[in-house]
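S.K.: With the hints as extra help, turn the sequences into a complete structure.
Protein chains: 4
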Amino acid sequence: MDFAFDARTEELRAKLSEFMDSHIYPAEPIFEEQLAQRENPWSAPPVVEDLKAAARERGLWNLFLPGEHGAGASNAGGHGLGLTNLQYAPLAEITGRSPHLAPIALNCAAPDTGNMEVLAQFGTDAQRKQWLEPLLDGEIRSAFAMTEPEVASSDARNITTSITRDGDGYVITGRKWYITGAMNPDCAIFIVMGKTDPSAEPHRQQSMILVSRDTPGLTVKRGMKVFGYDDSSHGGHAEVIFDQVRVPAENLLVEEGAGFGIAQARLGPGRIHHCMRSIGVAERAIELMCRRTLSRTAFGKPIAEQGVVQDWIAEARVRIEQLRMLVLKTAWLMDTVGNRGAHTEIQAIKIATPSTVEWVLDKAIQAHGAGGLSQDFPLAEMWAQIRTLRFADGPDEVHKRSLAHRELRKYK
Amino acid sequence: MDFAFDARTEELRAKLSEFMDSHIYPAEPIFEEQLAQRENPWSAPPVVEDLKAAARERGLWNLFLPGEHGAGASNAGGHGLGLTNLQYAPLAEITGRSPHLAPIALNCAAPDTGNMEVLAQFGTDAQRKQWLEPLLDGEIRSAFAMTEPEVASSDARNITTSITRDGDGYVITGRKWYITGAMNPDCAIFIVMGKTDPSAEPHRQQSMILVSRDTPGLTVKRGMKVFGYDDSSHGGHAEVIFDQVRVPAENLLVEEGAGFGIAQARLGPGRIHHCMRSIGVAERAIELMCRRTLSRTAFGKPIAEQGVVQDWIAEARVRIEQLRMLVLKTAWLMDTVGNRGAHTEIQAIKIATPSTVEWVLDKAIQAHGAGGLSQDFPLAEMWAQIRTLRFADGPDEVHKRSLAHRELRKYK
Amino acid sequence: MDFAFDARTEELRAKLSEFMDSHIYPAEPIFEEQLAQRENPWSAPPVVEDLKAAARERGLWNLFLPGEHGAGASNAGGHGLGLTNLQYAPLAEITGRSPHLAPIALNCAAPDTGNMEVLAQFGTDAQRKQWLEPLLDGEIRSAFAMTEPEVASSDARNITTSITRDGDGYVITGRKWYITGAMNPDCAIFIVMGKTDPSAEPHRQQSMILVSRDTPGLTVKRGMKVFGYDDSSHGGHAEVIFDQVRVPAENLLVEEGAGFGIAQARLGPGRIHHCMRSIGVAERAIELMCRRTLSRTAFGKPIAEQGVVQDWIAEARVRIEQLRMLVLKTAWLMDTVGNRGAHTEIQAIKIATPSTVEWVLDKAIQAHGAGGLSQDFPLAEMWAQIRTLRFADGPDEVHKRSLAHRELRKYK
Amino acid sequence: MDFAFDARTEELRAKLSEFMDSHIYPAEPIFEEQLAQRENPWSAPPVVEDLKAAARERGLWNLFLPGEHGAGASNAGGHGLGLTNLQYAPLAEITGRSPHLAPIALNCAAPDTGNMEVLAQFGTDAQRKQWLEPLLDGEIRSAFAMTEPEVASSDARNITTSITRDGDGYVITGRKWYITGAMNPDCAIFIVMGKTDPSAEPHRQQSMILVSRDTPGLTVKRGMKVFGYDDSSHGGHAEVIFDQVRVPAENLLVEEGAGFGIAQARLGPGRIHHCMRSIGVAERAIELMCRRTLSRTAFGKPIAEQGVVQDWIAEARVRIEQLRMLVLKTAWLMDTVGNRGAHTEIQAIKIATPSTVEWVLDKAIQAHGAGGLSQDFPLAEMWAQIRTLRFADGPDEVHKRSLAHRELRKYK
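Chains as they are written, first to last, in our numbering: chain U, 170 to 581; chain E, 170 to 581; chain P, 170 to 581; chain A, 170 to 581.
Read the hints as simulated data drawn from the structure, not as lab findings. Remember, predicted model here, so these are calculated numbers, not experimental data. A few of these clues could be false.
Pairs involving identical chains hold if they fit within one copy or between any two copies, as the list cannot separate such chains.
[What the hints assert, rightly or not] Cut-off 20 Å, straight-line C-alpha distance, at most; resulting in silico cross-link-like pairs (PhoX-like, lysine-lysine):
1) K184 <-> K221
2) K470 <-> K579
3) K581 <-> K470
4) K394 <-> K581
M.R.: Below, the structure written as structure tokens:
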């Protein structure tokens, strides 16, 4: 057992931290300014492309991707192999400190990362050439269309979108919402979950299929909000209508009935990314809370000297330290025993992270007074984003039940 | 001791509930639609004026105001006297079920209510004629300018806005933010807190002064957000610059040094209104949570049959019942022993209400899945609004400390 | 709506508070001393009888009992009628401040109170003469035998003790535990819950029957502990074996199948007593917490000046004020609309009280340092006692589920 | 970074788990039985000596001790070197599953472990020969006398016990309480903290000195309780009077003024032991909770199928997994950068562990119904023991404040 990062990780952490200081943090106010001046209200501001170029130049590109396609391969002039989950995880944390800019700058933003993994792992050569390559190059963006407004989509059996074979193609009909990134006109490709066979056994009813944005019948209807945010800087969360959308049969991923399995496989690394980025968010919040309370005075002393505020700071530190270690261990398990062997831990971090980070953000907001709610600090928006994670990939409650079943099974 | 409402309260509750069913709830979707079509993005949609007329016609007007100006007086053809706090409180709860429409329809919306109380209690005849009358008639709206961006304004000694005597007038300079309602062009009058004598004893340094919106030097600069919401439907939360704003000396309320005392007097009834409306919000949330979980199925049964969801519903009910009784008792204390005698309870409900209602809303949101965060349900916006109450009139932590001091004093 | 106590209540509160000061608190150290010197380790120390005599002399006797048998009747030389629940509730709170001495001194201790109510309401004249009269006179004590070790007795259908008709008698066989008071040799009578007809509908299977302590076949086996306490000062919590215990048929309460109904009727007032006494416990704890933290210094100032401690004190006050109002309202509902109409509130206070008071005690203990855990302060023992209430009459979770069902039914 | 235990640790874990199954768990009921039959109510039952012999035979002895004196050295016929903190930590967890038997069986019980570390690190040859050797051999036991009843001893400046030089000796006068183990007649040696120079700078006022149990003037007065438990099976928690106790000058540890430093050094490994054992307690509790709820039925299904119970089980698993990783990381830091470098983590685990494990135990108790409180299950006693850890070595609140200061210092 050894809790030190390896040399490659340390080197990349140093390089990335430097990049945060030299490029990302200084770009934050520019980004805000450009957001207000966009022509298309759902496009990324131009500074994002500058950051992407700068990151790529430094080899800080596609770091999330393991194996032969991964960072360190051709695109990074490096060791010829991608990073392990354990190596990437601490880098994801650092990007979480500036969640609107750093992940996209490194081409490591959700949902593209998960989608690229799906294409890399399950795509045909043709699918990878058409969609994975431009994604890896940061030329297009992508969406993952799972959640439906009409049903509790945490239960995959509830999915109502149909994918029906018709001649040499499939016809897709259904309604999806909270499809992150899809309002962005650069989002060129949708991975859509639907049912090919409602009469099959529960976990073989679903399939996944690729749908190009410009396919007739696909309508990106409106942006769903998260609290009051439209998240337009990263493509929002769209409601999307699929009305008799016809795609070629070769757009199907793997085979009919494989959808649930692909969704499960997609979850593991994505969870680790989300969780580590969230820890980065929490670290930023702790820093802001400390700086703010040190700089303001009430009732005769800096707010940082109030016992209750110190209690928040200490609790925040104590909770985040625990959480980080478990996420890192989960990454290690993914690397060593795989998705299935890490099942309990992957669920555990999905349950623990949003509530822990939400708590830290709540206290940081409270320590800021009214400003904490405002557009002048990143805390309220961070809070809203983290709050969504208590639903993402199914509400925590579903995961807790499943985890409890596994625990109970030991004693049956 | 008697926990039944009196006859007049019951009569008004019935009348108001009927009005909610016949007018308010049906107007909610119209309101949303009109919001999207406004010319001035900070104006109230026209349906609001219709509702005001309908409410006034029914005597559901200015019910918040006690004493001779109160409901039941000339304007309501009634008993010649306003309602007590205890009589009004359960009505405020009912209006909280539709927080954007019902309070304003009844001319009982914050911050006007508190401002009208201040004018009724502390205003000169001239001040009342000029500002209180149109406010009571619902012709104009008003703002209360207290919080400042640069300091922890929970400590009144920190206020930096200056009110300086100069000849026959006062000159005001300072910066305020989160001035609720001030973005609305109908907001005609500001009650401004500032310092007339920074060298006086701590609670005699502050004064309050009336500033008409059109006074030169007053700039309504921008709308501050609350978790992404601009709250434009009720005038937002403005940042306001006072740059050498000159007003006649008779605009001062009471006298120099009276500001802190007026602020304290303003708090009591306002807290009760806020708290009861918040309880109404919680009741609406419980209803929505029940309806949603009864209507959706996951893993083979309605979500309402999940043990964890039932636990939320029960906890919500248990917490709200306790909270309501304490707020009602506080209203009774205000009526019988006054603001000062009710000090502990007024602080207690300020501390208890936001966190309790926030908890209920959080669970209701979680029970809704992603929709709970969206613009399609009122829950996320309600949550953001309630969250602000943990700061309003000073953060909870300041009130807890003060309450603890009073408790400890018993044993010294 | 009126939150003031009536004149009779105020008079009794004053008289009881005086009695606490003059008799109860001074007796606490004597009680502790005598406990260590008892011959029978399960008997009450002699000071208890002195206190009973003194209380009775002052008319502070059997105050819990409503109606014609109640305090104020012949035994108290008073108004000829017992107190209402609402009148008794604030007195129960005061007795809770010294939970080992005050309730028993006033002949208002559990489980006798509930048992006396059952006998008063459901007993025949003969049963009342034989058992109720000596109980009202404080000459004997009683037990209520419901909980069983082998099953989850929160579900009445699980009860395994059998009550079988056999000629002119009933034969009882079963095992009970946590039978409070039964270790005390003065505990002369057991009200036993068992099944007379396991094939009847679920809530008509159970019956209640009176069993005298000296009946052959009844064995009081051992004292169950609560954390490390044996609670020997008030008769402990016995495991009791009923091995072919034969009693006359007239010992049955009401009729076969009436057991569940009697148990339900017994719960209402008992809950109010328990909850109000628990609030008294919390008030004592707050007082102790304040006194202790004012008197001890660490890191240069009294512990009471630490922000975190003030937060505890304020939270404790805020929570207890809310809780008390709901319990009082529940008492009022019991008086005005009866047990059934107060169903939701009775469950709500059962759910809210133990967790709230437990929280207050935990903080009071923490504020005391190691002493808080010890026999030198009453806090740890109070905590253990309150902790049992999260199970008493069924675990909170069962009550929450039932309460949620009722809430959901409104929207079905 | 590597989350796998090394080979030696795995080997010892396997051996120890086997020993738990073959010896410790089977001894638990025997231990309980023998407890009831002891002559001296503060002695360990004889089965403990049997277990010690069996453990020692297997090389499961003194595993806690690092370096040359450690397990694996001469006394264990092993590798010649003690275990690292990281190697011992997972073994401590396993012993925590049977906290009354396993630690003492392996001669790894508190407070002896900390005392042996102090003697090994700071003792002279003579002190080690006289006291460390019989402690390492399990022939005597020891106590650590720090906490005082009269003051908040979390602030070392508050200590009132005096250690005064007088000729060739020191004279000790003071009162201590909660001196764990000291009621046991086998407890032969006390390490006593007192002040040699109240006028020195705060952290040089204190010294530590060795006092043999039989020294005149030392009176072990009474056993302090913890929630009703006297913990007599492991020597209780004594109040000890030092009345002009005279010891030779060479009994002083290191030098005058070294007391605070020794106390700090003693804390690190002890914390890790406590925390890992507590995690073992939690694991046992989770197991008991699962087994109990699987085996009992209420309302038509096993209690384990109730959603709320599953929520508890999942939360317990999620919290414990996080906590364990942080404690192991702390052990690794102790091994690699030492006590000082691990300061934040050592405080963090002290803060996190008791509250987390207490929560798990509370749920396990609740899942057991009344039995959970009783002497028939280990849960209530475990709970009481864990609850003391929120005070041990100073209340959590003091540690949180100190941790927050360190966090804030980063931004000053």
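S.K.: Now look at each hint and say whether the structure bears it out.
M.R.: Do the hints match the structure? See the list:
no.: 1; hint: K184 <-> K221; verdict: within (15 Å within a copy, 54 Å between copies)
no.: 2; hint: K470 <-> K579; verdict: between (54 Å within a copy, 19 Å between copies)
no.: 3; hint: K581 <-> K470; verdict: between (58 Å within a copy, 15 Å between copies)
no.: 4; hint: K394 <-> K581; verdict: neither (44 Å within a copy, 30 Å between copies)
In the structure shown, a violation is registered for the earlier hint numbered 4 alone.
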